[in-house]
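Q: Kindly produce the complete structure, drawing on both the sequences and the hints.
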Amino acid sequence: MNRRLSIQTIIIALGAAFVVAPALASPPAKIALKGGRIIPVVGEDIPVGTVLIEHGKIKAVGKDVEIPYDAMVIDISGKVVMPGMIDAHSSRGLDIRNENLDVTPFLDVYDAIDPSKLYFEDALRDGVTSIHAIVGNNCVIGGLSRVIHPIGITPDEMTQQPSVSLKLSVSPQRGSDRMAQLATFRETFRELGEYLENLAEKKYEESLEKKDEKIKVGPDEAKKLGKDLIKPEDYDDKHRNLVKLTRGQLGAFVYAGRAGDVAAAASLAKEHGFFKRTTLVLGASCYKAIDEVKSANRPVVLDSKLLYREENPITGKITETFIPRVYADAGVAFSLLPSSNTSLAERYLNYQAARCVRNGVSRQAALEAITINPARALGIGDRFGSIETGKTANLVVMSGDPLDFSSWVDLVYINGIRAYERDDDIRLKQLLGEEKPEVAEPAKDEKGNGEAAGDKAAKADTDSAEDKSEETSEKAEKKKE
Amino acid sequence: MKTASIKHLRFAVALIAMGSFASSVLAGGLAIKAGKVVTMNGDDAILNNAIVFIEDGVVKGFGKQGETKIPKGYRVIDASDKWVVPGLVDAHNHTAGSLMDLNDMVYLTNPGLRTLETIVPDNELIKQARAGGVTSVLLIPGSGTNMSGFGTISKTAGRTVDEVVMRAPGSLKIAQAGNPEWYWYGVGRSYMNYNTRQTLEKALAYHKKWVAFEEKKVAEPPLFDPIFDEFRGLFQRKFPASVHTQIYQVVMTTIDMLANKLKIRTVIDHGTFDGFKTTPILKGSDVYTMNGPRQYWFDMSQRKMHGNCARWWQGGQKKLGCNTDAPVVPQAELSYQAAMACWYGWTPYEALKGVTRMPAEALMIDGEVGSLEPGKSADFGIWTGDPLDPRSSCEMTVVRGKVAYDAKVKRRF
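Going line by line, the protein sequences match chains A and B.
Going by the working numbering, the first sequence opens with residue 1, and the numbers climb by one from there.
Going by the working numbering, the second sequence opens with residue 482, and the numbers climb by one from there.
Since the hints were made in silico from the structure, they are not lab data.
Just so we're clear, the structure is a prediction, and the values are computed from it rather than from any experiment.
We treat Cβ as the ideally placed atom computed from N, Cα and C, and that holds for glycine.
What follows is a set of in silico ranges between Cβ atoms, one per label pair, in the way DEER data are often shown:
no. : chain 1 : residue 1 : chain 2 : residue 2 : range
1   : A       : 429       : B       : 830       : 37 to 45 Å
2   : A       : 364       : B       : 587       : 57 to 65 Å
3   : B       : 659       : A       : 424       : 30 to 38 Å
Derived pair list, reagent style DSS-like, types lysine-lysine, alpha-carbon separation capped at 30 Å:
no. : chain 1 : residue 1 : chain 2 : residue 2
4   : A       : 202       : B       : 698
5   : A       : 270       : A       : 244
6   : A       : 231       : B       : 698
7   : B       : 764       : A       : 117
8   : A       : 203       : B       : 690
9   : A       : 202       : B       : 697
10  : B       : 683       : A       : 227
11  : A       : 211       : B       : 697
12  : A       : 214       : B       : 690
13  : A       : 210       : B       : 697
14  : B       : 689       : A       : 203
15  : A       : 202       : B       : 683
16  : A       : 231       : B       : 744
17  : B       : 690       : A       : 202
Examples of chain A residues toward chain B, derived with CB under 7 Å:
no. : residue
18  : 96
19  : 100
20  : 107
21  : 112
A: Dropping the structure here:
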């Protein structure tokens with residue numbers, strides 16, 4: 001009977017999903033990361049310097065930062081500290097990417113975030129400290145997104161910024177065509193206008209009822225007069241976020257899958273008043289609409305597929321375009337995305353940035369594309385995305401240069417809390433074969449003697465089998481005797 | 482208002498029926514000589530070689546064999562080599578009524594439906610339940626939609642609906658994720674959670690309107706709404722919500738949305754797969770977990786076997802029990818569910834409590850059933866040994882002081 005478990009194995013088992021994500025304990029008040037190279041992204045690199053963290057915020061950065069006597073000093077000499085990387089667009093923390101409904105502005109990813117997903121553990125291990133959790137592209141208007149960090153056991157604990165943006169897609173995904181997709185937008189916004197007019201009329205009538213007065217004007221006039229009587233709590237769930245969107249109170253992540261969709265995305269945003277809050281999420285071939293993207297002058301999130309390959313149908317000649325290079329050359333600030341295919345190296349944001357450098361994008365632009373650019377696109381650039389005084393202490397300490405792919409993420413700080421430490425990463429060690437996997441149930445033989453777990457147990461089985469065979473042979477011998 | 486008076490009338494009829502029924506059968510009372518009485522009371526008392534006295538369907542008190550005299554006129558049942566165990570309570574089952582009418586999947590949430598209308602007293606599955614020592618069951622609707630109606634707590638003995646029904650509504654059935662995902666166009670968790678929350682908020686708004694009227698803050702009574710009226714008891718915490726919930730994220734939402742934000746008395750039904758990982762966020766809440774019918778989860782990422790009940794218990798969830806989800810697991814095998822929980826690492830006595838007192842507490846009927854104490858309903862089974870030992874059998878089941886099953890007359894198992 002192998003079911004008595006030691007307390008230790010229980011603790012390991014219970015913590016299984018959160019092996020590297022510790023509880024959100026209160027951090028030491030002051031931490032000094034001393035002696036490492038600092039890449040602040042905004043501003044010049046500091047070859048040897050100190051980052052001082054106080055109460056979860058960056059207190060000071062520089063070559064000669066005076067370290068208070070009560071600060072915990074962490075020596076990171078020989079290492080590199082950079083801002084935590086930001087995943088500008090990810091559905092991987094959600095239970096499903098999209099609901100099977102076209103228009104769902106009343107939903108919130110809050111209800112779909114699954115903190116127990118291994119994805120969050122991986123993101124932390126890869127140095128990602130902010131994730132923009134947003135529904136996938138398979139929608140017309142998806143729900144609200146939020147920015148989360150990959151530690152915590154509930155969406156509330158994980159949230160850095162709620163209600164960041166609505167997801168809109170001008171490119172059909174479900175088999176309908178582009179005209180139907182855009183017609184759905186038109187219908188949605190027409191219905192919104194109608195709803196607002198009716199609501200205004202209703203509010204006007206209600207206001208007169210309260211005063212015991214009779215309606216004096218026609219419906220058109222009533223709709224105008226009632227407009228100012230609407231309070232924010234009067235909107236119903238279905239329309240509340242759309243109202244915010246059209247008034248520029250919410251961000252919009254607009255997906256354009258093909259070059260031809262960029263213009264549609266821009267005109268949609270302009271027509272309905274959210275252009276100034278729009279971030280363009282662009283499919284691979286959108287680089288062909290670079291002029292339109294440039295003139296739009298909005299933040300851009302690129303597809304994780306960075307290389308565009310095209311075959312000339314007549315000559316058979318294959319042309320390859322490295323997409324971020326086109327944007328960089330045009331002077332468009334872009335954000336890179338990691339691939340959701342976990343078996344590719346594209347899953348690492350710093351690998352994506354390194355590829356950019358290899359293909360002629362400047363090192364600075366590449367680093368910005370995984371840190372400060374996504375932060376700005378998400379409207380959180382004042383708190384995240386660089387190592388600057390006053391910003392949240394979301395930091396990654398790497399064993400070497402972040403764009404050198406032999407570098408490891410050694411430490412991750414989120415809100416000044418040490419969220420990850422490579423030396424304690426049990427699963428990584430298991431993957432690398434440095435440590436044998438723990439097995440919860442110690443194997444026991446029939447006499448109740450505990451045996452070590454895992455492969456030893458298998459060995460024990462063969463041992464006991466041998467014992468038995470020896471026993472039986474002994475017995476047989478005795479019988480013979 | 483009209484329905485309320487009808488309800489009272491029905492209750493009165495039930496009481497009269499019960500009273501006359503009990504007195505005709507139980508004149509003089511009943512004494513059980515028991516080898517062992519597992520009382521499941523607050524002190525966890527276990528009485529050896531005791532006598533249980535029962536009058537009018539209620540436990541009167543306990544005596545000691547050889548010391549306490551049995552008064553004249555008492556019918557004596559000799560079980561001096563057997564165990565007397567409180568009648569088992571199943572907080573999640575579908576056997577007390579028509580199996581055809583469990584899942585009316587009209588909308589994604591269906592407030593206003595009740596299983597009370599589908600009760601079939603003394604049906605074949607209930608007869609089986611009795612033979613397994615089960616005396617109280619919560620009949621809840623299926624989990625095809627996010628909200629499938631109100632459940633009914635029913636006894637496993639009785640011939641009419643009024644005789645068997647203990648409390649209606651017994652609970653509100655909510656199903657978060659899992660089965661409702663197959664609703665005809667397919668839905669994800671963000672839509673389901675939104676939908677459930679929205680329905681409950683509507684019901685809460687209705688309740689608040691009535692509260693305002695009752696507290697005389699508003700002069701006119703609100704419009705009566707038959708769909709939302711029964712939710713008032715839910716928000717007054719008179720009965721719990723039985724929540725079909727399993728898998729970490731879903732159980733987390735159950736705790737966060739229902740128990741913490743909407744302040745509903747919540748019972749986690751199932752709670753399986755890695756649902757037990759939610760114990761850190763359960764701290765200090767009055768959420769009960771009725772684990773089952775699955776009793777273990779194999780964690781592929783860690784290659785480890787986890788006993789669900791054992792993990793809930795180790796994580797600090799002491800308000801823990803088992804269910805059968807009958808007929809998924811036969812109702813009579815509720816004791817096996819507890820036994821399986823022990824096989825996967827839970828503690829035997831606690832597991833027995835997990836099919837008696839704990840489900841009674843979870844359903845808020847512990848004033849009546851779940852333990853053998855003076856004043857409580859005389860619902861118990863007479864077992865050949867520990868009910869958690871699969872070799873033991875229930876030889877006799879007594880419900881409200883009346884023998885409902887006797888293996889000597891007609892043995893089922």
